[in-house]
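With UniProt numbering as the guide, the letters of the sequence shown map in order to residues 1 to 339.
Keep in mind that the hints were calculated from the coordinates and are not lab data. Among the hints, a few may not be true.
Unchecked claim - Straight-line C-alpha distance at most 30 angstroms; calculated BS3-like pairs for lysine-lysine: (1) Lys276 with Lys103; (2) Lys103 with Lys156; (3) Lys103 with Lys269; (4) Lys55 with Lys103; (5) Lys214 with Lys276; (6) Lys324 with Lys103; (7) Lys156 with Lys324.
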Amino acid sequence: MAFMHRLGTALAQPFHVSNREVVLATSVGIALAPADGDTSDVLLRHAAIALSRAKADGGQRVCFYEESMDQALQRRHTIEQDLRHALRRNEFEIVYQPQYDLKTEMPCGSEALIRWRHPDHGLISPGHFIPIAEETGLIVPIGEWVLRQACADATKWPEHLTVAVNLSPAQFRVGDITETVADVLHQTGLPASRLELEITESLLINDTEEVLAKLNRLRSIGVRIAMDDFGTGYSSLSYLARFPFSKIKIDQQFVRNMTRDPAMRAIVKSVVALGKSLRIAVTAEGVETPEQARMLRRFGCPQVQGFLYGRPETAEVHAQGALKATAKVAPLPKRHSAA
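Model the full structure from these sequences, guided by the hints.
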């Protein structure tokens, strides 16, 4: 082990190629005989599995083979194979987490969240299959299905409700995303102003000119653009000035901790104030307690999302809840006096 660390340190030393400094990132996978195998083929396969784990954990590390890694790899392979057939078999479904206007306490929209109901393994969380979909490119057809289904569902809701759909970097970069979105809106009949596309900050750090052009084209057809998980990535305030965002979504880690952590509280308050100054809407994610809601209301945060206001629900339940909430505040019909 000490030798491998020394080797990694040595390989990490920068060197020069054509007057440019190059630094290697070294990951090492190790399998030991006889515990991890008694033939060269088995040992090499297990070392390769350990290497994959080292890379998956961020690289630049040494990882020893464990039997659980082999089992995890087999599960991943099974998920990948089944994922290729899930769309055709209609195994995906969408649930919607309500978003509320904090001033009126009324629903104003929702975020579309995908679920995979596997015939053998039951409900598989997005955290287990979305990374695999992104690595294999399957996220593109899956993402388009989510977009189409969410827009179709939203046409059956009250007209003031928006629907937010997460957009992966792969979807954004493959093909013409504006044409895809425009086609979906045309085919479903959903007004562009009711669709909100959520992107993460990681999309903005590469090919910024191309990204800016695509975002501007999306805005030109009337679609809203939201920066999701604001504050968790490479947060540059210049993004807010340069890119055509309609909304900032404050990541739930800040909201969850703001009632007991002054630093988190200051960050949330500052982001809300920043959104107001830039005339960009702000939604606080992960609101779970009345205390958090009261604090956000004091800060002037316009919108909230979280278990306090509703867990993810089917399109039908979401529509019924919105209709009931709207009916509660509907104005009473005027009485006409007798002639």
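Results for each hint:
no.	hint	in the structure
1	Lys276 with Lys103	holds, 15 angstroms
2	Lys103 with Lys156	holds, 25 angstroms
3	Lys103 with Lys269	holds, 16 angstroms
4	Lys55 with Lys103	violated, 47 angstroms
5	Lys214 with Lys276	holds, 25 angstroms
6	Lys324 with Lys103	holds, 18 angstroms
7	Lys156 with Lys324	holds, 14 angstroms
Consistency note: the structure conflicts with earlier hint 4 alone.
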